[in-house]
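> The task is simple: from the sequences and hints, build the whole structure.
Those letters in the sequence shown? Residues 7 to 145, per my numbering, in order.
Since the hints were made in silico from the structure, they are not lab data. Some hints could be false.
[To be verified] Listed next, the in silico DMTMM-like pairs over lysine to aspartate or glutamate satisfying Cα-Cα at most 25 Å (straight line):
no., residue 1, residue 2
1, Lys17, Glu27
2, Lys66, Glu99
3, Lys111, Asp8
4, Lys89, Asp136
5, Lys66, Glu48
6, Lys111, Glu72
7, Lys66, Glu92
8, Lys66, Glu93
9, Lys17, Glu49
10, Lys89, Glu48
11, Lys34, Asp61
12, Lys34, Glu92
13, Lys89, Glu63
14, Lys34, Asp8
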Amino acid sequence: TDLGRLALLEKGCFSDAWTMEMLRDTAKQDGFCCLLATLHGEEIGFVYGNVVFEDAELYKVAVLPEYRGKGYGSAMLACLANKAVEEDCGRFEWICLDWNESALKVYRSIGAFPMEGWTIQRLTGQPLADLAASFAPEA
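See below:
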């Protein structure tokens with residue numbers, strides 16, 4: 007996939023779009039998979055993730071605002087799920103913001119469920135720098 011085209015599409019879908027560097031780094035990962043949705047020759051959405059070993063992980067799925075609610079996002083999820091099954095993955099996972107009701111509705115409609123007992127942990131700023139500084143590799 008041409009990352010420049012993907013970056014433009016990402017900017018059309020998100021106010022906090024990934025940078026070209028972020029896309030390039032992600033695309034270098036083992037198992038990276040990117041699918042573009044087109045309609046009448048126009049790119050209208052994308053899905054990308056990672057399919058490796060027994061895991062499939064969705065990084066992002068997005069459709070341009072004027073094409074949302076028409077099933078294109080679900081179709082792209084189905085494509086990535088198909089890739090996961092072809093690769094013998096036993097699970098397909100992703101993170102969703104708890105306020106994104108429209109996405110959660112889609113995910114429930116396809117049979118996805120929240121994982122009980124799991125929360126996302128994040129370390130940023132000074133605590134991240136402090137932890138990194140505490141690393142002392144053995145000589």
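> All hints are to be evaluated individually against the structure, with a verdict given for each.
Verification of the hints:
no.: 1; hint: Lys17 to Glu27; in the structure: 14 Å, holds
no.: 2; hint: Lys66 to Glu99; in the structure: 11 Å, holds
no.: 3; hint: Lys111 to Asp8; in the structure: 31 Å, violated
no.: 4; hint: Lys89 to Asp136; in the structure: 40 Å, violated
no.: 5; hint: Lys66 to Glu48; in the structure: 19 Å, holds
no.: 6; hint: Lys111 to Glu72; in the structure: 19 Å, holds
no.: 7; hint: Lys66 to Glu92; in the structure: 20 Å, holds
no.: 8; hint: Lys66 to Glu93; in the structure: 20 Å, holds
no.: 9; hint: Lys17 to Glu49; in the structure: 13 Å, holds
no.: 10; hint: Lys89 to Glu48; in the structure: 23 Å, holds
no.: 11; hint: Lys34 to Asp61; in the structure: 17 Å, holds
no.: 12; hint: Lys34 to Glu92; in the structure: 21 Å, holds
no.: 13; hint: Lys89 to Glu63; in the structure: 11 Å, holds
no.: 14; hint: Lys34 to Asp8; in the structure: 13 Å, holds
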